[in-house]
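Chemist: Going down the list, the sequences are from chains X and E.
Residue numbers for the first sequence follow the numbering used here, beginning at 68 and rising by one.
Residue numbers for the second sequence follow the numbering used here, beginning at 22 and rising by one.
A hint or two may mislead.
Now the in silico label distances, taken between C-beta atoms and shown as ranges [as the list claims (entries may be wrong)]:
#1 G180/E with P509/X: 57 to 63 Å
#2 T490/X with E134/E: 44 to 50 Å
#3 G548/X with F200/E: 52 to 58 Å
As a list, the in silico SDA-like pairs of lysine to any residue whose alpha-carbon atoms are at most 25 Å apart [unchecked claim]:
#4 K420/X with V150/E
#5 K642/X with L117/E
#6 K349/X with F300/X
#7 K493/X with G446/X
#8 K606/X with G33/E
#9 K185/E with Y132/E
It is worth saying that the hints were derived from the structure and are not from the lab.
Note that the structure is predicted; figures quoted are calculated from it, not measured.
Built from N, CA and C at the ideal position, the CB exists for glycine as well.
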Amino acid sequence: MSNLLTDGGKQLLLGNEAIVRGLLESGTGFASTYPGTPSSEIGNILEKISSDAGLYFEFSTNEKVAFEVSAAAASAGVRSFTFMKHVGLNVAADPMMTLAYSGVRGGMLILSADDPSAHSSQNEQDNRYYSTLALLPMMEPSTPQEAKDMVAEAYRVSEELTLPLIYRTTTRVNHARGVVNLSDRVQPVAKGHFDKDVVRFVNVPANARINRKRLLEIYAKAAQMSEESPLNFIEGDGDIGIITSGVSYTYVKEFVKGVSILKLGFTNPLPEKKIASFVQGKKAVIVVEELEPFVEDQVLRICAQNHIGVSVYGKRTGHLPRAWEFSPDTLSGIRDIVQVEEFAKPLPASTVKLPSRPPTLCAGCPHRGLFGATKKAVGSKDVVYCSDIGCYTLGVQPPFNAADFIICMGGGAGAAGGFDQSTDQKAIAFMGDSTFFHSGVPPLVNALFNNHKIVMVILDNRTTAMTGHQPNPGTGRDFGGVTTDAIDIEQLVRGVGAKFVETVDPYDVKRTTQVMKDAIAYDGVAVVISKCPCPLELKKRKMLEAKRCVVHPEGCIKCYTCLKTVACPAIIKGKDGSVSTDPTQCIGCGMCANVCPKKTIEVIR
Amino acid sequence: MKYTVQIVGVGGQGVLLASMVLGNAAMEMGFQVAMSEVHGMAQRGGSVLSTLRFGDEVISPLEAVGNADMIMGFEPSETCRNIHLANEDSVILMNLDPVLPSMVAAGFEEYPEVSDLVDSVKAVNNHLVTIDATSLAIKAGKAVAANAVMIGAVAALDGFPIPKDVLKDVLGKQVPEKFRELNLNAFEMGYEAAKN
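This is chain E alone, in the form it adopts within the complex (with noise of 0.2 Å):
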């Protein structure tokens, strides 16, 4: 068994977290564990990429285009951006919620309607989940949880080899004491959410 997550988004958004709690779940199942993370530039609101990828017997950091498992995308833009990452059997996993680049900010670029994104996705693969995250965040009680709820959904997707108690331990371990209960909220209506 090889299993190969990549994580995209925008620096600030909490996917070096989030590759670490499912970088640590499986290597508490037993996994060898390759990851490879985008640092540096990150705080500076550019595009991010972290790889991850376990099983029984993985050592390469990077995984070859097309040839990943799933997709954990926080941001619709950035989910298409790298949706070459993937393939008509992967699982993808979107976060409704876009951040707006500079450029489109100040008015210099558009930002496409989120529905035409989700439906450049749905015509050339059958598996994608998408999500409110960040408003399911706020509903556990900050927006900055929205990464707790995107590893809820994870854990509820079709074929993800790591189950959910072992997911939810692990992020428990990861954050702050007084956000834990918050967090763990948001892990649950992540899930919730992605099972229906």
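Okay, chain X solo, but in the shape it has when bound (with noise of 0.2 Å):
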């Protein structure tokens, strides 16, 4: 597999890899996330690395934090990359308009991780605006080895520039692999010197419009730099362009025939002048790129400014989708306009009924016994479920069906206050550890100041599952040389003047769900820690123990509950209507005994 420390060569890639490759080749010497999918393998690799490769490594407890842990690094001369998921970069946003006006002294790029057709994320925002928003530069590969080689290019301009630099990457870059041929690595240089200058870095309303000020020449320089960078280059030839940036290039690349290819790498600024110039004489232009018509409605500006009257199609023409990712198939749309591969003609799709397979909460998984105590708990009550982004989400499937509101990290528990307030209906919000520390403590805070009589279930399952198991402050820190305190939750959660505050083992769904009786009758802010560690976690550490469950077929009356409570995709109901148990899958949790009216399911060591 892949080595990222070694010395030359070429490997097969992730984007993610290639990723960390290019910071290992530029010296960076420090980096911070919080995780999110499509970027989190880049926090995995570097928790693993980060010692050996003497560059300092954080998960910060949110995006925001992230952001201006490496802002400061970035300050003090020292080269720093954060990278997130692109609805992280929101969270982070606050940080980076003002980090706009001061600027940076090392280089500092904000990876922006946008995930088109949403494959793992609430929605597919465009995080290329945020560059024109911020006025910041702006560069996005297109493969594997792009995503390495302008890595090194990108540190150059923003230190240029002294600009913190957006470094924008899309699901089908970070999770495409590829041949990539490695250079030299550069020492890192971990450790710098805040020089002061308070009227760059202290953005007081008279310092800040001054900064302004700057931020747009600097910003103007940017623009030449655009013009003049290899990064923006055209290929081939012929009467019709296409304008193309990210991983839309390598679709227009592959499958489209006689076109003259502007590819566009450094995207924000946009090189005016090089557009203006490619597209003048052109029949036609195409402006092919994912998500909304960001470059298209630059250069149909740009036409318009310059009097070229050459059609532009794309989608403000219909041509090409905004929804979802692109992909081979996308460029049917344009096969009217140009010459593009003809593909074979797909199969049929099957005749047979398939089932369905959704993603779903793992064999064993804590969370089926909070949910199956919380369903029973609140039996035919009026409840909100104000759920959260984790694995805990997929509570939305049946037989839990225990999501109503889903918005973003934290947004359960804030707005189960609001639910709470402007309805008779009880809110139940559920959030996992992590998340709980991202972004959980003020809306609980926010609860208990303005008396919202919520329960908050925390679901601790003693990591940050979904994204590949990060560690977070609710576990402490042991990597790279720091190890710290876990930071209790319970602790916390009374701290803040909570009263009603239980921990519970969700294994043990009586009295889960006796507890959680309790909390939705209390008459205030009640708190529910269900407390069981990930079993995948375990697994992956060799601390799982080896037990399973068994059904005792004398015993069983077919009553179902086992299914029904916890529905764990262990517990097999066969053709005959009876009840076994997977044992390929079954990790002897104890959840289906534990609900069994019949005792006659048994945990064997």
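Got two chains here, each in a separate frame; can you build the complex from them with the hints?
Modeler: Right, here's the structure in full:
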């Protein structure tokens, strides 16, 4: 497999691995993140190798803090890298907007991993607009090789402009794999010195007004650098021009014939003169980009300003879609304008009715016990389940149906307070341990402050599970030569003044049900901490005890309470109606045994 | 030359490992390689698709629907779910061992007869190769070697451009030392089963 610390050679690398290698080849001294797909692997790799590579890395408590620590490092002259998924940059947008005014001294890259098609996200927002909003330079690689190579150029530009640079990727770049030729590593510089400059770094109104002007001047220089950048280049000949960037370039390059391509890697500010001279004299121009018409609208404006009357095709003309990621198939939208390779005729969809296979909570997942208990405790009461971002989002599926409202990280508990105040429904918020530290404390404090009578359930599975098991403040840190204590959630919750605080073991479904009943009946803020480590994490650490559940058929009355309550995929209902467990999946957690009214399920070791 | 394999299955079946072995073998051969993988949800029992493309001038990590040269199906219902990625000339390798989705296990949905799944593919494509990878892997020593069986089977399929010894060599390098022998045996068993 890949070895990112090696010297030279070529390797088959994931886009995210290539980006890490790019950091190692650029002397990056400081990196920070809050995990989020499709950027998560970068953090998992840095957790393993940062010590050996000689750079500092941390999982910060949320994206805003991740941004701020990297901002400080770069202000002190250390090359820094902060990375997050697209919605994470919303959280970090506040510091970003003003850091642009101050700028940085060491290069700073802000990786925004966008997720067209929302493969593992709640929306597919196009973060390229942040670059025009904040007036920051932006670069976008197309392939794993570029994802590595462009890092060094991005640092060079960031330092020349003294501005942080948005390094924008999408799922099909982060999770593409390709042959990557490696260059030499550059020894990181992990320590700098912060030289004070009050006008620049203290944005009180008088200084902010000065810095705003300064930023506009630098932005003009950035536009000039974009004009001259080798990342914006023309390939091929033809009287039809295609302007493209990111992964869309790979589809155009491989499947469209007989066109001239303007490939953009430095995508904010756009090289306006280069674009004007490219479109001049063309029969037609097509802009191929995913999501919003970010480049297309600017091309239309550039044409108008330069009095160029060429037809520009793309999203505004309905030839290419705005929703969802592109693929080679998307190019069929421009077949009547250019020559696109013919594709074979697909086989028809299967005539057999196939069972659905959505992602699901794992066998033995403690969230199953908590949701089963909650449903039982709620009964027929009118409640609103305010869920959040994490594995427990999957509680939306039957038989739990335990998600009525999901917007963003930490959003469930905040919304719960609003539902409590504006309806007569009981609001129950679910939130993971990592999410609690990310943005769950302010809505808890808010509920206490404003007397919102909500139930807040913290599903503490001792890890940040969905993104691949990263540590969080609730677990403490033990990597990269830094060891810290775990922060105790119960103490923290009591510390801000919550009176009803109960910690339960969700594998004990019966007791959890009783606690949830009490929490729902409580006239105030009730906090329930459902504490049980994620079995996948235990498996990874080889700490999962060898146990399994066995159904004794003679005692089973086929009431299916086990299936209906915890619905564990390791419980199998046979064609004859009998109940058994699947030894390949069962981890012996005992949730099914706990709810069995006939005590006919046994946990054996 | 360009070749596309669509590798389909269920999270946890080793789809990513198989795509890494095929991808590294393609790199060894000096081909350009472009792959696309599904990460994140894969551990949670959902459908998994990994695209592997290689050849002389390959850069796109995704392939057009219907344009696959091969479907490498780790699971029968997942093979059928992704059948539109293939065309009538594609080679389709299908492991016959089902992984029951949770709603089937709980009795809320039914899993179709595997023979019906096989027949539905045969009705539209003449290049189906079925294999009982899991039982062959158990015979070789461990059920988790099913992906080595599948990789061995791929080596035997008509028109696959990477020679058997290159695949076997890369597989041997990518599995842990203590399971090497077992995986290489499983590879051979898959190769023999698919050849006949």
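Chemist: Against each hint, give a clear statement of whether it holds in the structure.
Modeler: Against the structure, the hints come out as follows:
1. G180/E with P509/X: 57 to 63 Å: 60 Å, holds
2. T490/X with E134/E: 44 to 50 Å: Holds, since T490/X and E134/E (Cβ atoms, about 49 Å apart) stay within the stated range.
3. G548/X with F200/E: 52 to 58 Å: 33 Å, violated
4. K420/X with V150/E: Judged against 25 Å, a Cα distance of about 22 Å means the pair holds.
5. K642/X with L117/E: Status holds; Cα separation ~20 Å.
6. K349/X with F300/X: 17 Å, holds
7. K493/X with G446/X: This hinted pair holds, its Cα atoms lying about 12 Å apart.
8. K606/X with G33/E: With a Cα-Cα distance of about 13 Å, the restraint between K606/X and G33/E holds, given a limit of 25 Å.
9. K185/E with Y132/E: 35 Å, violated
In this structure, the hints that do not hold are numbers 3, 9, in rising order.
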